[in-house]
Amino acid sequence: MCLAIPACVEQLIAENHAIVNLGGIRKEISLALVEDIVPGDYVIVHVGFALQKLDQLEAEHTLAMFAEMSALNKDI
Amino acid sequence: MKYIDEFRDSTMAQQIAANIAFETNPQRNYHLMEFCGGHTHAISRYGIVDLLPGNVHMIHGPGCPVCVLPIGRVENAIQLAQTPGLILCSYGDMLRIPTANGMSLLKTKAQGADVRMVYSSADAVKIAQKNPQHQVVFFAIGFETTTPPTAVAIKQAQALGLSNFTVFCNHVLTPSAISHILQSPEVRQFGLVPLDGFIGPAHVSTLIGSRPY
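Here the protein sequences line up with chains S and E, keeping their order. For the first sequence, position 76 matches number 76 in my numbering, and the numbering has no gaps at all. So the number in my numbering is just where the residue sits in the second sequence, counting from 1, plus 76.
Since the hints were made in silico from the structure, they are not lab data. Please note that a few of the clues may not be correct.
[Said to hold, decoys possible] Label pairs and their in silico Cβ distance ranges:
(1) S:ILE5 to E:SER252: 25 to 31 Å
(2) E:ALA118 to S:ILE19: 26 to 32 Å
(3) S:THR62 to E:ASN177: 44 to 50 Å
(4) S:ARG26 to E:PRO160: 34 to 40 Å
(5) E:GLY130 to S:THR62: 24 to 30 Å
(6) E:GLN234 to S:GLN56: 34 to 40 Å
(7) E:ALA176 to S:ILE19: 41 to 47 Å
(8) E:GLN205 to S:ARG26: 21 to 27 Å
(9) E:GLU262 to S:GLN56: 39 to 45 Å
(10) E:SER239 to S:GLU68: 53 to 59 Å
(11) S:MET69 to E:LYS78: 39 to 45 Å
[What the hints assert, rightly or not] Derived pair list, reagent style EDC-like, types lysine to aspartate or glutamate, alpha-carbon separation capped at 16 Å:
(12) E:LYS78 to S:ASP55
(13) E:LYS202 to S:ASP41
(14) S:LYS27 to S:ASP41
(15) E:LYS231 to S:GLU15
(16) E:LYS206 to E:ASP190
(17) S:LYS27 to S:GLU15
(18) S:LYS27 to S:GLU10
(19) E:LYS202 to S:GLU15
(20) E:LYS78 to S:GLU10
(21) S:LYS53 to S:GLU10
(22) E:LYS183 to E:ASP169
(23) S:LYS27 to E:ASP199
(24) E:LYS78 to S:ASP41
(25) E:LYS78 to S:GLU60
(26) E:LYS231 to E:ASP199
(27) E:LYS183 to E:ASP199
(28) E:LYS183 to E:GLU151
(29) S:LYS53 to S:GLU35
(30) E:LYS78 to S:GLU58
Only a predicted model underlies this, so the values are computations on that prediction, with no experimental measurement involved. Glycine is no exception: its CB is placed at the ideal position from the N, C-alpha and C atoms.
So that you can see chain E by itself, here it is in the shape it has in the complex:
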């Protein structure tokens, strides 16, 4: 069991698609919101829309922490990065996000700010260890899956006695995003976004389980 190939059986997938087409009622439409940007990517990449009957519609959800982050937070991060002597560590996803005036962390770096792309929050702690004369700020974003690694980084920095490591915390929660959509006037009052169901983020449930839903 390698947990990848076993889940990529095209014959079985086509049979499941045929069964979905058989089970759906041609008299009605189905609107399903996939929560994650990762889902949206997989749906496009593997042509899932073409496998589904025409009356089953996939709606892109809010589950991309980069997309749902208020742009003001990117502006805050740019201001931090422009502070002399400060090192701003960020996941690569955030670097190209443009602000209203066309700035980005990547452009800020090009102008001389010390912006470092990290793969992991642990890398930001290592940078703080190596640069005791600089304040190191980790631009923490993400849903439930990225939050525990940020917490580990904070504990690790504390255990190492680092006084130059801080976190700019922008973590968000999945169930709140879903209930925000369900409570919105577009869904409740105006019926502009018909929804019959959600496809939830499985890796979030490895952390929070299914009860919060």
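Isolated chain S (complex conformation):
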């Protein structure tokens, strides 16, 4: 229940639902809690609901911070 996983939105369907692809598994979820989703977007899926649209820039920013943490004290 507690897992929230990123999934790619493949198709928008009736009643504000969508088909998402979770590593090859296709599943119907609700988009009631998010706005402006188009096919190709990544969303965080939790108990059958998209909780948040993932922001590519934000993810790149986080990865850049990981790289920065990894590069500190590289001479040690």
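Keeping the supplied structure of chain S fixed, place chain E upon it in accordance with the hints.
Then chain E, alone, in the frame of chain S:
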């Protein structure tokens, strides 16, 4: 960007682990509480404890709604499930939780009660739609992430005019759990649980942000 593989770079992780070891002071101990059961799982699964220096200790936190639910609530759910004609819908996590007398929702189901495992609160609404002659109760548990889906289910049931759908609400809050720990005598008075920091639940912050902390 697929948001999974990019975050699983073992070379980078080992370099970060080496940097943590370099930055820590060998003269002291560090106690960090990971909030979520999901964190605890990931820490064990990926061997994070072995990557950390010996003086950095991970302490398991309260962030599993199944574990922190008072057992009386499971007993209440079992009583509901035993009501003739009632369908009790629950996330799978709750089904095996034993009560003091060794009962569980799974055993209650085996004895003939109509207990249905659902993946989503929306599935419970569908069950109510298909069974207008039965009262359908959704056993709602979880932190901030599971609460909005319960709210959507209630709105959906109202929009559909369902009079046979109710929610047994047991939702809980993350910041309250953290402050409860920090206020406890074990931490404040007796110093039994030294804490230097928390690892917070990121998916909770997708909903509440960081200000409540």
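Verification of the supplied hints:
no., hint, in the structure
1, S:ILE5 to E:SER252: 25 to 31 Å, "26 Å, holds"
2, E:ALA118 to S:ILE19: 26 to 32 Å, "28 Å, holds"
3, S:THR62 to E:ASN177: 44 to 50 Å, "48 Å, holds"
4, S:ARG26 to E:PRO160: 34 to 40 Å, "39 Å, holds"
5, E:GLY130 to S:THR62: 24 to 30 Å, "28 Å, holds"
6, E:GLN234 to S:GLN56: 34 to 40 Å, "37 Å, holds"
7, E:ALA176 to S:ILE19: 41 to 47 Å, "44 Å, holds"
8, E:GLN205 to S:ARG26: 21 to 27 Å, "23 Å, holds"
9, E:GLU262 to S:GLN56: 39 to 45 Å, "43 Å, holds"
10, E:SER239 to S:GLU68: 53 to 59 Å, "57 Å, holds"
11, S:MET69 to E:LYS78: 39 to 45 Å, "22 Å, violated"
12, E:LYS78 to S:ASP55, "11 Å, holds"
13, E:LYS202 to S:ASP41, "27 Å, violated"
14, S:LYS27 to S:ASP41, "15 Å, holds"
15, E:LYS231 to S:GLU15, "14 Å, holds"
16, E:LYS206 to E:ASP190, "14 Å, holds"
17, S:LYS27 to S:GLU15, "15 Å, holds"
18, S:LYS27 to S:GLU10, "10 Å, holds"
19, E:LYS202 to S:GLU15, "13 Å, holds"
20, E:LYS78 to S:GLU10, "13 Å, holds"
21, S:LYS53 to S:GLU10, "14 Å, holds"
22, E:LYS183 to E:ASP169, "14 Å, holds"
23, S:LYS27 to E:ASP199, "13 Å, holds"
24, E:LYS78 to S:ASP41, "10 Å, holds"
25, E:LYS78 to S:GLU60, "11 Å, holds"
26, E:LYS231 to E:ASP199, "14 Å, holds"
27, E:LYS183 to E:ASP199, "22 Å, violated"
28, E:LYS183 to E:GLU151, "12 Å, holds"
29, S:LYS53 to S:GLU35, "8 Å, holds"
30, E:LYS78 to S:GLU58, "13 Å, holds"
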